[in-house]
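Number of protein chains: 2
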Amino acid sequence: MTDQENLLGSDGIPRFWYNIVPDLPKPPAASLHPATHKPVVADDLKRLFPEALIAQETSTERLIEIPEEIREIYGLWRPTPLHRAKRLEKALDTPAHIYYKYEGVSPSGSHKPNTAVPQAYYNKQAGIKRLAIESGAGQWGCALAFAARLFGIDVTVYMVKGNSQHKPYRRIAMETWGAKVISSPSEETAAGRAVLALDPESPGSLGIAMSEAAEDASNTADTNYALGSVLNHVVMHQTVIGIEAKEQLKALGESPNIVIACCGGGTNFGGLSFPFLADKLKGKEMRAIAVEPELCPTLTKGEFRYDLGDNAGLTPLLMMYTLGHDFMPPGIHAGGMRYHGVSPLVSHLFNEGLIEARSVQQSAVFEAGVMFARCEGIIPAPESAHAIRTVIDEALRCKEQKTQKTILFCLSGHGHFDMPSYDDYLTGNLHDHELPEEQLHAALSKLPHVEFRW
Amino acid sequence: MTDQENLLGSDGIPRFWYNIVPDLPKPPAASLHPATHKPVVADDLKRLFPEALIAQETSTERLIEIPEEIREIYGLWRPTPLHRAKRLEKALDTPAHIYYKYEGVSPSGSHKPNTAVPQAYYNKQAGIKRLAIESGAGQWGCALAFAARLFGIDVTVYMVKGNSQHKPYRRIAMETWGAKVISSPSEETAAGRAVLALDPESPGSLGIAMSEAAEDASNTADTNYALGSVLNHVVMHQTVIGIEAKEQLKALGESPNIVIACCGGGTNFGGLSFPFLADKLKGKEMRAIAVEPELCPTLTKGEFRYDLGDNAGLTPLLMMYTLGHDFMPPGIHAGGMRYHGVSPLVSHLFNEGLIEARSVQQSAVFEAGVMFARCEGIIPAPESAHAIRTVIDEALRCKEQKTQKTILFCLSGHGHFDMPSYDDYLTGNLHDHELPEEQLHAALSKLPHVEFRW
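In the order they appear, the protein sequences are chains A and B. For the first sequence, our numbering assigns the number 1 to the initial residue and increments by one for each residue that follows. For the second sequence, our numbering assigns the number 1 to the initial residue and increments by one for each residue that follows.
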């Protein structure tokens with residue numbers, strides 16, 4: 001994808017996903033089979049994913065056509081609006097132009113349906129009747145419950161018990177879309193029963209929930225697993241965000257100097273930035289900044305090496321920045337950003353020096369979120385507020401340096417399901433913490449020993 | 001507004017609001033001063049509303065230009081999408097074409113900002129520094145908190161204590177936008193103190209909260225009051241919904257045979273239907289159906305007569321369908337539809353036989369809401385699900401009668417703040433009730449005695 005290509009249909013919705021792999025100066029490291037440490041082949045993934053998605057995962061085609069059935073459902077909320085944050089610019093008294101791409105208009109209120117719809121579609125094509133997944137905060141569970149229902153696919157969500165009790169709204173939303181939500185650890189799987197045998201009151205964890213979902217998917221013929229982040233095909237589906245934003249900005253005569261997105265597993269960041277990085281890789285000057293929580297500083301404090309994508313041993317070994325697959329961040333509010341690793345493609349770009357990363361503290365994040373809500377009217381998801389924090393910092397730097405820059409960021413979701421976190425902030429009950437060095441080292445020291453070398 | 005007029009700007013956002021009054025075959029009855037029973041004059045309203053809104057309230061101009069500052073903020077979510085519910089049509093196996101106008105993409109998730117923005121704007125123009133309002137479920141409070149903040153106006157919300165405790169998400173959203181939310185009854189006003197003196201544990205009521213807001217607004221020079229429903233100018237602001245829908249349908253070569261919306265205070269129904277009724281008043285055949293809860297059956301079981309618009313004696317006497325201003329519906333989930341009366345303009349049209357009304361039971365409403373979520377992907381607000389119930393019923397009639405009709409309805413908001421109500425439905429804890437006849441009669445018997453006659 002370059003400045004010259006227009007990948008949109010006449011309805012303003014992309015006709016193609018953009019795959020950055022063939023444009024990279026150096027290919028990213030292959031993912032490895034966790035037992036053999038040999039590059040993963042399609043057969044290794046077939047018990048979890050449909051062939052079409054496996055093909056996309058390893059594709060070297062630059063553009064992959066979006067089937068019409070998917071584009072039709074995208075049309076429920078795409079193209080998403082691109083707005084200029086003029087009142088925020090004024091409040092900051094900055095010469096910067098600040099634009100944001102708003103993904104919160106989707107049925108589940110975040111960018112996640114951009115990949116949930118194609119994943120449901122390709123599973124349906126492959127004859128799959130049910131998808132089993134885990135869910136932490138519930139964004140991915142909501143998106144997939146919504147998307148799968150439209151294709152008549154059942155969804156079983158293993159939801160970490162603590163989350164499903166503390167923030168029940170997303171659980172209820174999944175059930176409204178017809179998903180079966182099971183509190184994890186559960187009696188339904190051997191993995192769950194083993195945990196309960198040791199501790200009947202276990203609050204569960206994402207790792208346990210993943211194990212339950214994977215066991216369920218592996219043991220049932222017409223059931224697959226689905227991941228809402230990290231993997232290449234997931235990032236690629238999210239490039240609809242950047243492809244649209246590029247054309248929308250072009251129509252306004254703008255081109256961003258800085259592109260900013262929050263970064264948990266990396267697909268929101270990749271989805272916005274990759275279509276712009278396509279031009280950077282061809283020589284155009286611009287910066288892309290991935291923003292992560294100070295308490296889960298994968299790019300900024302992690303190590304670039306092979307690690308498991310989960311802590312259940314379900315995914316291949318991925319070459320990525322990681323805090324160690326056992327890393328458990330101290331309780332933070334942006335539930336979608338508690339992941340120990342980050343997309344291998346985003347990691348590769350960071351390692352090559354093509355993108356930047358920054359970590360921010362929670363109180364500064366919510367301060368930015370509230371400022372944005374009061375200036376621009378939309379209450380951001382806590383995840384998105386990470387991006388806003390950095391946007392504000394960059395805009396203030398423009399003011400200081402008296403330079404006019406165009407900043408684009410992804411407002412990846414609304415905060416309507418996250419009001420308790422705002423309540424904590426507004427009532428002074430949200431406190432910043434430092435990440436203990438020993439916690440970081442302990443998790444990193446448990447990284448798997450990987451022999452494979454390129 | 002007729003078939004021939006295009007009232008949209010090149011950005012797809014209306015340039016005018018449509019005022020149905022001059023198109024009516026018979027003028028609606030004037031509102032009366034509650035003490036003198038003489039038609040209300042502008043001076044009577046000045047202690048509560050800015051002059052520009054008072055002028056709109058009594059205007060006989062067909063089209064009122066929307067100021068550019070308002071259109072700019074409308075641009076945050078307008079034009080809203082119009083979708084065809086093809087998967088719902090298929091599930092119902094109906095020959096009907098079903099279209100919906102989706103207002104849930106606004107920053108507060110409902111249609112209410114369509115009037116909150118102009119109300120904040122005109123109050124700002126009039127030098128008002130603060131708005132004091134009451135809030136039940138919180139839709140109006142959210143919309144005004146959002147809109148007023150963008151114009152730098154403070155908002156004080158007297159929120160019924162029971163609501164603010166039971167469903168805290170909207171309270172927190174209002175506070176995120178910077179509003180001061182006071183649990184009502186409060187110690188801040190004489191009205192609140194009087195209630196608390198009698199019962200320190202009072203859970204409050206909408207009537208008490210209204211009294212507190214009105215007292216606050218009346219006692220402070222630069223503070224006004226604002227109403228999110230019922231009044232003529234509020235309905236008129238909502239006509240942006242119908243004006244857009246008409247052009248969007250026209251572009252698809254469609255014209256609706258039936259227009260359906262839920263009806264609480266009536267502005268969502270009026271906002272969608274009035275631009276279409278403009279054509280009906282000129283002879284075009286079409287039906288408009290207002291849908292209300294069986295437990296608050298204002299149009300279907302109320303009386304058409306003068307009544308107070310609130311139960312605090314704050315508004316003028318309005319000629320409208322009413323259940324009596326003391327009517328308290330048994331607890332129902334669609335918080336936005338617990339109102340005892342309905343817009344005088346909607347009432348007038350109903351009394352003239354120009355529109356229809358229907359009441360529906362809660363369980364049938366949630367059944368429709370869940371069906372819509374699972375077919376079309378968007379979880380509707382419980383209020384909007386009332387409209388969907390009737391849409392499904394009409395579509396099934398089309399199937400029975402083998403007639404193809406085009407049905408348009410307003411999906412006035414998303415249900416992301418209302419998940420506990422869906423939980424009650426999905427877990428079998430939502431039960432239908434009959435409205436006791438004696439409750440209806442008791443409330444109607446308390447209607448004020450009004451001398452004025454046309």
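Just so you know, the hints here were simulated from the structure itself, not pulled from any lab data. Fair warning: this is a prediction, and the values are worked out from it, not measured in the lab. You may find that some hints are simply not true.
As the list claims (entries may be wrong) - A few chain A residues facing chain B, derived, Cβ under 10 angstroms: (1) 71; (2) 169; (3) 326; (4) 330; (5) 426; (6) 428.
As the list claims (entries may be wrong) - Straight-line distance between alpha carbons at most 16 angstroms, and here's what the computed EDC-like set of lysine to aspartate or glutamate pairs gives: (7) A:86 - B:72; (8) B:86 - A:69; (9) A:86 - B:356; (10) B:90 - B:437.
Each residue gets a CB set at the ideal place from its N, CA and C atoms; glycine is no exception.
Hint by hint, here is what the structure shows:
A least Cβ separation of about 14 angstroms between residue 71 of chain A and chain B goes past the 10 angstroms threshold, and the interface hint is therefore violated. At its closest, the beta carbon of residue 169 of chain A sits 4 angstroms from a beta carbon of chain B; the interface hint therefore holds under the 10 angstroms criterion. For residue 326 of chain A, the interface hint is violated, the least distance from its beta-carbon to any beta-carbon of chain B being 33 angstroms, above 10 angstroms. A distance limit of 10 angstroms between C-beta atoms decides the matter here; for residue 330 of chain A the minimum to chain B is near 23 angstroms, and the interface restraint is violated.
Against a cut-off of 10 angstroms between C-beta atoms, the interface hint on residue 426 of chain A holds, since the closest Cβ of chain B lies about 5 angstroms away. The closest approach between the C-beta of residue 428 of chain A and any C-beta of chain B is roughly 13 angstroms, which is over the 10 angstroms cut-off, so the hint fails. Of the supplied pair hints, the one linking residue 86 of chain A and residue 72 of chain B holds, its CA atoms being roughly 11 angstroms apart against a limit of 16 angstroms. Straight-line distance between C-alpha atoms of residue 86 of chain B and residue 69 of chain A comes to about 13 angstroms, which keeps the hinted pair within the 16 angstroms bound.
Simply put, residue 86 of chain A and residue 356 of chain B have alpha-carbon atoms about 44 angstroms apart, too far for the 16 angstroms limit, and the pair is violated. Between residue 90 of chain B and residue 437 of chain B the alpha-carbon distance is near 40 angstroms, which puts this suggested pair outside the 16 angstroms criterion.
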